[in-house]
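Could you build all of it, start to finish, from the sequences and the hints given here?
Chains X and P are the protein sequences, given in the same order. Its first residue numbered 1, the first sequence is counted upward by one per residue in the numbering used here. Its first residue numbered 1, the second sequence is counted upward by one per residue in the numbering used here.
Treat the hints loosely; a few may be bogus.
[Unchecked claim] Okay, derived cross-link-like pairs now, EDC-like style, lysine to aspartate or glutamate, Cα gap no bigger than 16 Å in a straight line:
1) P:LYS626 to P:GLU588
2) X:LYS218 to P:GLU205
3) P:LYS651 to P:GLU205
4) X:LYS231 to P:ASP305
For the record, the hints were derived by calculation from the structure and aren't laboratory data.
Okay, here's what each chain looks like letter by letter:
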Amino acid sequence: MSIQQSRLTRRTVLRGLGVSLALPWLESLAPRAVAGPAVGASGPQRMAFMFVPNGVHLPDWTPSQDGYGFDLPHILSPLASVQDDLLVISGLTHDKGRANGDGPGDHARSASVFLTGAQPRKTAGENIRSGVSVDQVAAQAAGTATRFASLELGCEAGRSAGNCDSGYSCAYSSNVSWSSESTPVAKETNPRLVFERLFGDGAARGRDQNAARREELKKSILDFISEDARKLQSKLGSNDKQKLDEFLNGVREVERRIERADDDPKISIDVDYPIPKGTPSDYGQHIRLMCDMMVLAFQTDRTRIATCMLADAGSNRSYRQINVADGHHDLSHHRGDAAKHAKIREINRFHVSQLAYFLQKLKSTPEGDGNLLDKSMICYGSAISDGDRHNNENLPVLLAGHGGGQIDTGRHIRVAPETPMCNLFMSMLDRFGTPVDFMGDSTGRLAELQI
Amino acid sequence: MTAHTFRTTVEPGCGVSDLLSTGSLVETCRRSAVRLFAAVLCGVSATFSLAQEANSTAQFAENITPFLAKHCVACHSGDEAEGGIMLDRYRQSANVQEDFELWEKIIRLINAHQMPPAEEPQPTPDEVLAVSAAIEAELAKFDCTAEKHPGRVTIRRLNKAEYDNTVRDLVGLDLRLADGFPSDDVGNGFDNIADVLSIPPILLEKYLAAATVIADRVYEDKAARKRVFPYQAKSDDERVQIARRNVNEFAAKAFRRPLSEDEQERLFGIMRFAWQRDANEADIFKTVITAILSSPHFIFRVEQDPDPSNDDGIRQLNGYELASRLSYFLWSSMPDQRLFDLAESGELIKHDVLAAEAKRMLADPKSMALVDNFAGQWLQLRDVSRLMPDPNKFPDFDGELQTAMRRETELFFAAIIREDRSVLEFLDADYTYVNQRLARHYGIAEVSGDGFQRVPLAAGRRGVLTHASILMLTSNPTRTSPVKRGKWILDNFLAEPPPPPPANVPELEEGNETLGSLREQMEQHRANESCAVCHRTMDALGFGLENFDGVGAWRDRDGKFDIDASGELPGGRKFAGASDLMGILVAEKKEQFCKCLAGKLLTYALGRGLGSYDRCTIKDCLTIMKENEYRFSSLVTAIVTSDPFTLREAKREE
Numbered sequence: 001m002s003i004q005q006s007r008l009t010r011r012t013v014l015r016g017l018g019v020s021l022a023l024p025w026l027e028s029l030a031p032r033a034v035a036g037p038a039v040g041a042s043g044p045q046r047m048a049f050m051f052v053p054n055g056v057h058l059p060d061w062t063p064s065q066d067g068y069g070f071d072l073p074h075i076l077s078p079l080a081s082v083q084d085d086l087l088v089i090s091g092l093t094h095d096k097g098r099a100n101g102d103g104p105g106d107h108a109r110s111a112s113v114f115l116t117g118a119q120p121r122k123t124a125g126e127n128i129r130s131g132v133s134v135d136q137v138a139a140q141a142a143g144t145a146t147r148f149a150s151l152e153l154g155c156e157a158g159r160s161a162g163n164c165d166s167g168y169s170c171a172y173s174s175n176v177s178w179s180s181e182s183t184p185v186a187k188e189t190n191p192r193l194v195f196e197r198l199f200g201d202g203a204a205r206g207r208d209q210n211a212a213r214r215e216e217l218k219k220s221i222l223d224f225i226s227e228d229a230r231k232l233q234s235k236l237g238s239n240d241k242q243k244l245d246e247f248l249n250g251v252r253e254v255e256r257r258i259e260r261a262d263d264d265p266k267i268s269i270d271v272d273y274p275i276p277k278g279t280p281s282d283y284g285q286h287i288r289l290m291c292d293m294m295v296l297a298f299q300t301d302r303t304r305i306a307t308c309m310l311a312d313a314g315s316n317r318s319y320r321q322i323n324v325a326d327g328h329h330d331l332s333h334h335r336g337d338a339a340k341h342a343k344i345r346e347i348n349r350f351h352v353s354q355l356a357y358f359l360q361k362l363k364s365t366p367e368g369d370g371n372l373l374d375k376s377m378i379c380y381g382s383a384i385s386d387g388d389r390h391n392n393e394n395l396p397v398l399l400a401g402h403g404g405g406q407i408d409t410g411r412h413i414r415v416a417p418e419t420p421m422c423n424l425f426m427s428m429l430d431r432f433g434t435p436v437d438f439m440g441d442s443t444g445r446l447a448e449l450q451i
Numbered sequence: 001m002t003a004h005t006f007r008t009t010v011e012p013g014c015g016v017s018d019l020l021s022t023g024s025l026v027e028t029c030r031r032s033a034v035r036l037f038a039a040v041l042c043g044v045s046a047t048f049s050l051a052q053e054a055n056s057t058a059q060f061a062e063n064i065t066p067f068l069a070k071h072c073v074a075c076h077s078g079d080e081a082e083g084g085i086m087l088d089r090y091r092q093s094a095n096v097q098e099d100f101e102l103w104e105k106i107i108r109l110i111n112a113h114q115m116p117p118a119e120e121p122q123p124t125p126d127e128v129l130a131v132s133a134a135i136e137a138e139l140a141k142f143d144c145t146a147e148k149h150p151g152r153v154t155i156r157r158l159n160k161a162e163y164d165n166t167v168r169d170l171v172g173l174d175l176r177l178a179d180g181f182p183s184d185d186v187g188n189g190f191d192n193i194a195d196v197l198s199i200p201p202i203l204l205e206k207y208l209a210a211a212t213v214i215a216d217r218v219y220e221d222k223a224a225r226k227r228v229f230p231y232q233a234k235s236d237d238e239r240v241q242i243a244r245r246n247v248n249e250f251a252a253k254a255f256r257r258p259l260s261e262d263e264q265e266r267l268f269g270i271m272r273f274a275w276q277r278d279a280n281e282a283d284i285f286k287t288v289i290t291a292i293l294s295s296p297h298f299i300f301r302v303e304q305d306p307d308p309s310n311d312d313g314i315r316q317l318n319g320y321e322l323a324s325r326l327s328y329f330l331w332s333s334m335p336d337q338r339l340f341d342l343a344e345s346g347e348l349i350k351h352d353v354l355a356a357e358a359k360r361m362l363a364d365p366k367s368m369a370l371v372d373n374f375a376g377q378w379l380q381l382r383d384v385s386r387l388m389p390d391p392n393k394f395p396d397f398d399g400e401l402q403t404a405m406r407r408e409t410e411l412f413f414a415a416i417i418r419e420d421r422s423v424l425e426f427l428d429a430d431y432t433y434v435n436q437r438l439a440r441h442y443g444i445a446e447v448s449g450d451g452f453q454r455v456p457l458a459a460g461r462r463g464v465l466t467h468a469s470i471l472m473l474t475s476n477p478t479r480t481s482p483v484k485r486g487k488w489i490l491d492n493f494l495a496e497p498p499p500p501p502p503a504n505v506p507e508l509e510e511g512n513e514t515l516g517s518l519r520e521q522m523e524q525h526r527a528n529e530s531c532a533v534c535h536r537t538m539d540a541l542g543f544g545l546e547n548f549d550g551v552g553a554w555r556d557r558d559g560k561f562d563i564d565a566s567g568e569l570p571g572g573r574k575f576a577g578a579s580d581l582m583g584i585l586v587a588e589k590k591e592q593f594c595k596c597l598a599g600k601l602l603t604y605a606l607g608r609g610l611g612s613y614d615r616c617t618i619k620d621c622l623t624i625m626k627e628n629e630y631r632f633s634s635l636v637t638a639i640v641t642s643d644p645f646t647l648r649e650a651k652r653e654e
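Next comes the structure, spelled out in structure tokens:
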């Protein structure tokens, strides 16, 4: 690993003394040739997706003015300092979040469709099916450039009992990232574990003989278990084979990471960050820690792709910190009650405040001759529009960051009714350097991102 | 009152019909047609006596045919039938033996008001009730003796609880490493469902890291090392041989079956490789342990499919496979030595041995895993700790009480297992377990300290449904929700999940006392016939529990309104309050309750959702429970000796 060994050792990490991290993307460092994303003069593109449940109170979300200089309604008001760095996009639709003959289960669908644009198969257990999510499309095309292909985070650990939503397995409600149509990518909810995963090993990698031997032994273990998996796979039925495929994919990821150890950048500067103690009881602090993890991961180029579920689909958490004792989901069925609207918009605003924190942090992190937000695309939103009606058109969506100058930010844009959310994803994938011909239910691209 | 918001957080629970996979109607129909054809060839219908057949025909023609004619066949007939569903071909019988799944789907769509479509003339609520009762009666004619379909469980990885317990029992160290793994997704109400347990790359990473930690810790700990590698070489000549023996025996335990020659060679190979690289003894030891504990044979529970040449596509599980099925069902862990011995001798495949072992295992403290994992999910006790009742409405509520609530129900469940009591006590037990804090909450005097003790309940409380844990789980953070409570009982205790509300039902106002008490408002809501069909039962059950507030404390008033906990169930049975209601449930709904519990426990035991043929197993469970005073162990032994538990079927052609 890059940093001069003494600065970051596993021991310092585990002691919780704070840690110095390598910053590989320096002006002086010529970009390495990497397969995949467009690496600009001073660094690669990053993308993150943030999911919020239960829709939002649109009257306090949607700016009344379009274009530049739009107004910031109550819910968006925390974004004032980064208003010029983002787009408010009105009018996008997730048609595959609608029932389309499958009956109730809008919340489960809303999470599983959010980044996939695919109609989830209605099943409580057997043969779960969604689609490959946009973050994973990018990760599979370009993820080999970084130590971690992608990072999946969240603030709720998923249901541990009972049922989630009307005949849909909880896998649909508690994941937004899907690496294949049958494999949801589990999210990490403990900031300490995220930190340790990102930065906990590697530094201690020595160049001596013992270290070389340990690497060899580790590889022999990986060889052993892949051979086990392949032999087993040859004797099994198709559902079973798929599980073994997941296992083998995991082994390959780890192998790839070991092989990457040699090509870390040679120059570094230090960043200090205290090691998170675990999952904070304060929800806002929890979200902000997760945002920090994303910033650190981007800054140190551990990964360029992240997703974060601020809460799981249909979450009924109460928001005491802003004096809302009712459950969010219960409230979202407001039936036009003004008192409930008032509470919902405070919850929405609370979430947006955390986004504002994230964006400001990216913006204040210098990179090259600009900052991290310059080369990021942060998509924030919900796949339900109004929590009472459970409708999937005119979704609340924000796109922050400049995508390396490929997005004309600072505007409120309205797209044609029923424009698929996946069209936005297509445009993001283009800018990320991993274009595809279609994704989910996309019908094209979103020309409106640039004037 | 958010009358319909529950639909998104609670879903139909136990009904076999709701656990079915949902292929498209077209698929189902095509499959059914093939089976129908096969059935005609095999003469399956001859299993009915002529008299039964005549009777059955009359019922179908009288109760179902007219409904189909009036509401269905206009679209669903002939070659151009909508969705390929031809209902005009059913004139004499539903032919449930072949078309069971289709009829389950039909009944569900009719009950959910999804069929006939909204733009068509709608049947009256009474018509819906009558036809669904008639179809249920047809479904009940399903003949379980006709053929076997034990089903097939997908290869299943250990979930977090199973991983931790297995490591504990394998190496003797309780390391709880799975705390750092991502959550297991839940399907069919449980987190041990094979199809839903996927392995994202992060989990494999965690498995490898955990295996390394275990290997290190075992090497450092004298007792653990002795347990893992019990044999010592007496001379240098012996070293290789002893090392191989140690490794082979450990791996056989970890893989929960004997090793093949090839596997033994490969394990030796990995040690030899390390040795050739000049690794010291510690590194060789750790390498091979790490490899074993990251192998798919450890991570997954592997069962082989029947040989394709096998005629009926069904095989008897072998002793080792059964040992794992038993141990992961009852202990959420690996088999112990006795189970391995019985597997090796072949004894374990005998049903009387299986039943006896199940009883032995229930008596073992490790069966508390059933409380943590089965009860924790069936009764949703795992969710109790994350609830946040409004401190303004419930100022007495605190963390200590929250912990005690969950503990009460866990101890109650544990007592049912330990003392092998009747499962009907879930409904009407007149005792419970409290500590000082919970006793204060319940208004029970003379209990002091943090320890829990068994106490008789006051007249107003009976059974688990009046435990504060369940009452709080089924409330909103600010107040009770009779609908949530009623629906919860229907889903989790009676296997009668109400259909989701039809779209665009008029909603009732809430929080406005000028409209009257919650009950009065809900009665207005029920004046709408389309709501009344389902709410009649749901609300009656929920209002029967209105004497308990949102955190399960007794109350006589709600705001300015007196509590009225009386009600009437469909069929006219009246009750006054919770205890009365529980009495009625025991007297009249015990079969439904037992079927519901059996379905939940079978799902958990198998690690898969239930299908049509599993209703035969549930029927058998009910018979056995009846013969054994509904003792908990009788349900467990019925399950472990059932076909789906002891047999494995090749995947059926779709």
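Hints, one by one, checked against the model:
Taking the CA atoms of LYS626 of chain P and GLU588 of chain P, the gap is about 14 Å. The hint holds against a cut of 16 Å. Between the alpha carbons of LYS218 of chain X and GLU205 of chain P the distance comes to roughly 12 Å, so the proposed pair stays at or under 16 Å and holds. For the hint linking LYS651 of chain P to GLU205 of chain P, the alpha-carbon distance of about 31 Å lies beyond 16 Å, and the restraint is violated. About 15 Å separates the Cα atoms of LYS231 of chain X and ASP305 of chain P, which keeps this hinted pair within 16 Å; it holds.
Violated hints amount to a single one, hint 3; each of the other numbered hints is respected by the structure.
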